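Chemist: Chains as they are written, first to last, in my numbering: chain A, 140 to 372; chain B, 127 to 613; chain C, 13 to 218.
Treat the hints as calculated values from the structure; they're not laboratory data. Just so we're clear, the structure is a prediction, and the values are computed from it rather than from any experiment. It is possible that some hints are incorrect.
As the list claims (entries may be wrong) - Cross-link-like lysine to aspartate or glutamate pairs, in silico, EDC-like; alpha carbons within 16 Å at most: (1) C:K213 <-> B:D482; (2) B:K442 <-> A:E338; (3) B:K454 <-> B:D472; (4) C:K209 <-> B:D482; (5) B:K562 <-> B:D472; (6) B:K313 <-> B:E158; (7) B:K313 <-> B:D334; (8) A:K291 <-> B:D459; (9) A:K287 <-> B:D470; (10) B:K313 <-> B:E289; (11) A:K287 <-> B:D472; (12) B:K393 <-> B:D452; (13) C:K213 <-> B:E506; (14) B:K496 <-> B:D535; (15) A:K343 <-> B:D482; (16) B:K143 <-> B:E158; (17) B:K316 <-> B:D452; (18) B:K393 <-> B:D459; (19) B:K562 <-> B:E504; (20) B:K393 <-> B:D470; (21) B:K458 <-> A:D151; (22) C:K209 <-> B:E511; (23) B:K354 <-> B:E381; (24) A:K246 <-> A:E338; (25) B:K316 <-> B:D363; (26) A:K297 <-> B:E511; (27) B:K551 <-> B:D363; (28) B:K210 <-> A:E288.
As the list claims (entries may be wrong) - One side only, chain A facing chain B, incomplete, derived with CB under 7 Å: (29) A289; (30) E338; (31) D355.
Stated by the list, open to error - Okay, the calculated bits of chain C under chain A, using three or more residues with CB under 8 Å as the criterion: (32) 66 to 76; (33) 83 to 95; (34) 115 to 129; (35) 135 to 145.
C-beta: ideal position from N, C-alpha, C; glycine also.
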Amino acid sequence: MIDWEKTNNRLDKIDGRTIFFLTVCSCFITFLSTSMLNHALYTIWLLLILCFFGFLKQSLYFSSFYLLSLIGLIIETNHNISFPSPLLLSMIYKLILPAMSAYLLIKIPSGKLTASLRKIPIPNKFMLVLIVMLRFAPTIIYEFGEVKEAMKIRGFLKSFTNIFSHPLNTLEYAIVPMVFRSLTISDELAASAIVRGIESPYNKDSYYISIITYIDIILLLISTLLAVYCCFF
Amino acid sequence: MKNKISIHNLSFSYNGKGNQLKNINLNIHSGEVIVLTGSSGSGKSSLTKVINGLIPYFFEGELNGKIFINNKPLNDVPSWQRGKIIGNVFQDPRSQFFANEVAGEIAFACENYGYSHHEICEHVNSSAREMKIEKLLNNSIHSLSYGMRQKVAIASAKAIDPEIYVMDEPSANLDISSTYILGNIIKDLKSQGKTIIIAEHRLYYLMDIADRFLLIQNGRIIHEFSEKQMINLNNKDIYSFGLRSPDLYQIQYKERNSISFDNIALKVRNLCKTFKNMYALNNLNFICRTGEVIAIIGPNGSGKSTLGRILAGLLKENSGEIFLFDYKSKRKDRLSKVWYIPQDLDSQLFGENLLDELITGSAKTEERIKRAEQILSELELTAFEKQHPSTLSGGQKQRLALGVALMHDAPIIILDEPTSGLDGKNMRNVSNLIRKLANIGHTILVITHDAECALACCERAIRLENGNITDNFKITSSNLLLEKIGY
Amino acid sequence: MEKSMQNTKQNFTIRDIMTIAAMMVICFIIMMIIAAITLPFPIIYLYASAGIDGFLGAIFFLVAANRVNKHGLLFSWAAIYGLIQGIMGYAFLIPYFLIVASISELSMIGKNTYRNPIRSMIGWTLNCIGNFVGCAVPLWWAWNSYKDMAKSSGFTSQTLNMQLSMVTTPSFMLAGIIITAALTILGTLFGQRLLRKHFKKAGIVR
Numbered sequence: 140m141i142d143w144e145k146t147n148n149r150l151d152k153i154d155g156r157t158i159f160f161l162t163v164c165s166c167f168i169t170f171l172s173t174s175m176l177n178h179a180l181y182t183i184w185l186l187l188i189l190c191f192f193g194f195l196k197q198s199l200y201f202s203s204f205y206l207l208s209l210i211g212l213i214i215e216t217n218h219n220i221s222f223p224s225p226l227l228l229s230m231i232y233k234l235i236l237p238a239m240s241a242y243l244l245i246k247i248p249s250g251k252l253t254a255s256l257r258k259i260p261i262p263n264k265f266m267l268v269l270i271v272m273l274r275f276a277p278t279i280i281y282e283f284g285e286v287k288e289a290m291k292i293r294g295f296l297k298s299f300t301n302i303f304s305h306p307l308n309t310l311e312y313a314i315v316p317m318v319f320r321s322l323t324i325s326d327e328l329a330a331s332a333i334v335r336g337i338e339s340p341y342n343k344d345s346y347y348i349s350i351i352t353y354i355d356i357i358l359l360l361i362s363t364l365l366a367v368y369c370c371f372f
Numbered sequence: 127m128k129n130k131i132s133i134h135n136l137s138f139s140y141n142g143k144g145n146q147l148k149n150i151n152l153n154i155h156s157g158e159v160i161v162l163t164g165s166s167g168s169g170k171s172s173l174t175k176v177i178n179g180l181i182p183y184f185f186e187g188e189l190n191g192k193i194f195i196n197n198k199p200l201n202d203v204p205s206w207q208r209g210k211i212i213g214n215v216f217q218d219p220r221s222q223f224f225a226n227e228v229a230g231e232i233a234f235a236c237e238n239y240g241y242s243h244h245e246i247c248e249h250v251n252s253s254a255r256e257m258k259i260e261k262l263l264n265n266s267i268h269s270l271s272y273g274m275r276q277k278v279a280i281a282s283a284k285a286i287d288p289e290i291y292v293m294d295e296p297s298a299n300l301d302i303s304s305t306y307i308l309g310n311i312i313k314d315l316k317s318q319g320k321t322i323i324i325a326e327h328r329l330y331y332l333m334d335i336a337d338r339f340l341l342i343q344n345g346r347i348i349h350e351f352s353e354k355q356m357i358n359l360n361n362k363d364i365y366s367f368g369l370r371s372p373d374l375y376q377i378q379y380k381e382r383n384s385i386s387f388d389n390i391a392l393k394v395r396n397l398c399k400t401f402k403n404m405y406a407l408n409n410l411n412f413i414c415r416t417g418e419v420i421a422i423i424g425p426n427g428s429g430k431s432t433l434g435r436i437l438a439g440l441l442k443e444n445s446g447e448i449f450l451f452d453y454k455s456k457r458k459d460r461l462s463k464v465w466y467i468p469q470d471l472d473s474q475l476f477g478e479n480l481l482d483e484l485i486t487g488s489a490k491t492e493e494r495i496k497r498a499e500q501i502l503s504e505l506e507l508t509a510f511e512k513q514h515p516s517t518l519s520g521g522q523k524q525r526l527a528l529g530v531a532l533m534h535d536a537p538i539i540i541l542d543e544p545t546s547g548l549d550g551k552n553m554r555n556v557s558n559l560i561r562k563l564a565n566i567g568h569t570i571l572v573i574t575h576d577a578e579c580a581l582a583c584c585e586r587a588i589r590l591e592n593g594n595i596t597d598n599f600k601i602t603s604s605n606l607l608l609e610k611i612g613y
Numbered sequence: 013m014e015k016s017m018q019n020t021k022q023n024f025t026i027r028d029i030m031t032i033a034a035m036m037v038i039c040f041i042i043m044m045i046i047a048a049i050t051l052p053f054p055i056i057y058l059y060a061s062a063g064i065d066g067f068l069g070a071i072f073f074l075v076a077a078n079r080v081n082k083h084g085l086l087f088s089w090a091a092i093y094g095l096i097q098g099i100m101g102y103a104f105l106i107p108y109f110l111i112v113a114s115i116s117e118l119s120m121i122g123k124n125t126y127r128n129p130i131r132s133m134i135g136w137t138l139n140c141i142g143n144f145v146g147c148a149v150p151l152w153w154a155w156n157s158y159k160d161m162a163k164s165s166g167f168t169s170q171t172l173n174m175q176l177s178m179v180t181t182p183s184f185m186l187a188g189i190i191i192t193a194a195l196t197i198l199g200t201l202f203g204q205r206l207l208r209k210h211f212k213k214a215g216i217v218r
């Protein structure tokens, strides 16, 4: 049973909207900040947040990737090297920041995320598609694996020449079972959702808490201030 | 006892596809457990869908007749409200879940029906406690076994505390112990006075639970049996109705010692496979002779499918050796020689019709087309030759999948749960076909927890548990196999 | 009963939503794979990735379009695409994607257009061209930060200019649009073939 008062997992206590806002902030920083220093500053802030939520190993990965691509970029620009493309490196280091907040977003239970998303003013139908897409992603990845295995058995993936001499056939073999499977699943899922009242007109509350607590407020405040600073100064 | 559900003169047809249900009259009393059985496509699923309102709201078609629940016409209840009176459990433990986590899934209906956060938590926690899954609330559903997922599905239905439960083949993907657990859960629900309607092929686990068994054929209720009448049905009746045996001990086992081939097709020596430092397979040793049909049994998660995938070259072993016809084989060599047919066949079908399914992927020579046509006629699929493979029934798909293996001349075939979700008749058809292939020299491994199928086609069984072979025995009687399989 | 069914026909049902979501997820997973493969080659990434997305996405879009056949589908598809792009980093592009979505949806005005091969081809192609132009924006942006870095460390201006021309010359952009449109149209043709060969035959789309 989840006892909300005693849970040690800090992520369980946080409001989904806070993480969502954090994601938006880091996106803005990564696109609007012109100074590398400011970008690095916000990245450090997010690393701290990751550590706060107990993702020590992950924050280590993220920071080493960040440093590697940054160092690579500096070396390349200083020595006139153009492979791997410096444009790519500059893209990677910039995208690590939103990737970190997106990682937090994924780690929130999808039910909780749904509850938080419901409180953001987006039309209901769009919201539902987004929620269902979240639900579908793991299933579809699993099905991709199944289809790949089936293609292997049939020998469709035996060799490169096999794949590339008939690229359209290979594509057809991959896509057709995928579509069949996902349409079956989506129909069954729709049926199971309908008999459990998804179309009911009530206002929907959630099993998961979405209340802004003092931790949320502190996080929101620092993130906003830091974001403003990093963008404009 | 008062009537909980009453159905008068009900008929239903999908738009222009003939009648699915014809003139159904049925009264179900409060607190009864009703089992709807009959061959695939008989209309038993359609009847459950009429009761839970998916017909005609979701599956559109022409519905005539009247349905009353608690003496109130069902038509007066808006479709979204029916979920408050009727809880549903479906067949496929992969596609009926809306959330990614257990707690969110159990809470789903409560959330939809406008409960407050506090009420939702109470309902979820008490439902999870009753189903003994309170420790799993934070887990991802995708990490659970099928048996556990079915428990989550029932907990989710239970959270709303409906008076009626409708279950559509809830045991189709479960192993024996999970099936019995499911039986006990249904018994508990019954003791709480719930009305339960189950459409099901497997009957044995419901024998001391159900009040009535309704046999449905071609959209009509043609027989009604009490538990006693059901158990007394002889094998001839069971076969002619296309049912599975209500009492597995009554299945007769014909001993097969006709191994006409005695060279070794497959030899496994010291096979090990680890996932994340855990042994999935631990030092397996066994041999299969040409023409043998061997059942691989054991509880879910014991490593059966992993073994099948390794033998077929889809996964790489960590250590150990695999010999095919006395030659040590690498993973890639096994790919075309050991043919693996997984449980879910939808991801296996690539062709635009049955003939194309067999020949697609290589040249369309005169010779191959002839061979494909011959295989289709051997499998009794010629009549459907022009159809798209995905329109076939479960049993037909299974036969087609075997046909593809034949087309590729695979000497060794591994089938993973070929008969889950099949009715008695199709199960026997597939079993007979497996026998037939063995007699012409194919070596076949059948991964299964379906004792009826194993008894109908296998002569030896290997039992796996936690990645170890615990038994490797010749099937001499049905009692022996049933005991090992865990009835 | 009959009447209420008629009315709801215009709105998306739960089944429609599930269909759209399923097809979009496949699309997105494929797009991410393509982005990961093409990202190391800026020229391909810039000129062809939107086209490849359009080629493959066409199949899934056509399945959804033929199955759902209701107005608003292309708008929702494109808007959600934009929204997700927004969440994944291009937040300031959301209004742009909403405009693309509206234009594409406007091109679908009429009865049963979603089941009309030519009309759905036009709609989808417009949407993909919109995505192509949208996708070029991040490259301009990556360019700026790269340029600052390059300048400060003495990169030869010649190389710089060559790379800059790739992203800023109108004729190159036009070439990109043509490539995207061509690939997308080929995709819809391939998609129509699969529809006839498999999905309509099996009866899962009409």
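Chemist: Hints first: check each against the structure and report whether it holds.
Modeler: Going down the list of hints, with the structure as the test:
no., hint, result
1, C:K213 <-> B:D482, "holds (14 Å)"
2, B:K442 <-> A:E338, "violated (47 Å)"
3, B:K454 <-> B:D472, "violated (33 Å)"
4, C:K209 <-> B:D482, "holds (11 Å)"
5, B:K562 <-> B:D472, "violated (24 Å)"
6, B:K313 <-> B:E158, "holds (11 Å)"
7, B:K313 <-> B:D334, "holds (9 Å)"
8, A:K291 <-> B:D459, "holds (12 Å)"
9, A:K287 <-> B:D470, "holds (13 Å)"
10, B:K313 <-> B:E289, "holds (15 Å)"
11, A:K287 <-> B:D472, "holds (13 Å)"
12, B:K393 <-> B:D452, "holds (8 Å)"
13, C:K213 <-> B:E506, "violated (22 Å)"
14, B:K496 <-> B:D535, "holds (15 Å)"
15, A:K343 <-> B:D482, "violated (50 Å)"
16, B:K143 <-> B:E158, "violated (33 Å)"
17, B:K316 <-> B:D452, "violated (57 Å)"
18, B:K393 <-> B:D459, "holds (15 Å)"
19, B:K562 <-> B:E504, "holds (10 Å)"
20, B:K393 <-> B:D470, "violated (27 Å)"
21, B:K458 <-> A:D151, "violated (46 Å)"
22, C:K209 <-> B:E511, "holds (15 Å)"
23, B:K354 <-> B:E381, "violated (30 Å)"
24, A:K246 <-> A:E338, "violated (28 Å)"
25, B:K316 <-> B:D363, "violated (29 Å)"
26, A:K297 <-> B:E511, "violated (28 Å)"
27, B:K551 <-> B:D363, "holds (12 Å)"
28, B:K210 <-> A:E288, "violated (41 Å)"
29, A289, "holds (5 Å)"
30, E338, "holds (4 Å)"
31, D355, "violated (17 Å)"
32, 66 to 76, "holds (count 4)"
33, 83 to 95, "holds (count 4)"
34, 115 to 129, "violated (count 0)"
35, 135 to 145, "violated (count 0)"
The structure does not agree with the numbered hints 2, 3, 5, 13, 15, 16, 17, 20, 21, 23, 24, 25, 26, 28, 31, 34 and 35 stated previously, though it agrees with the rest.
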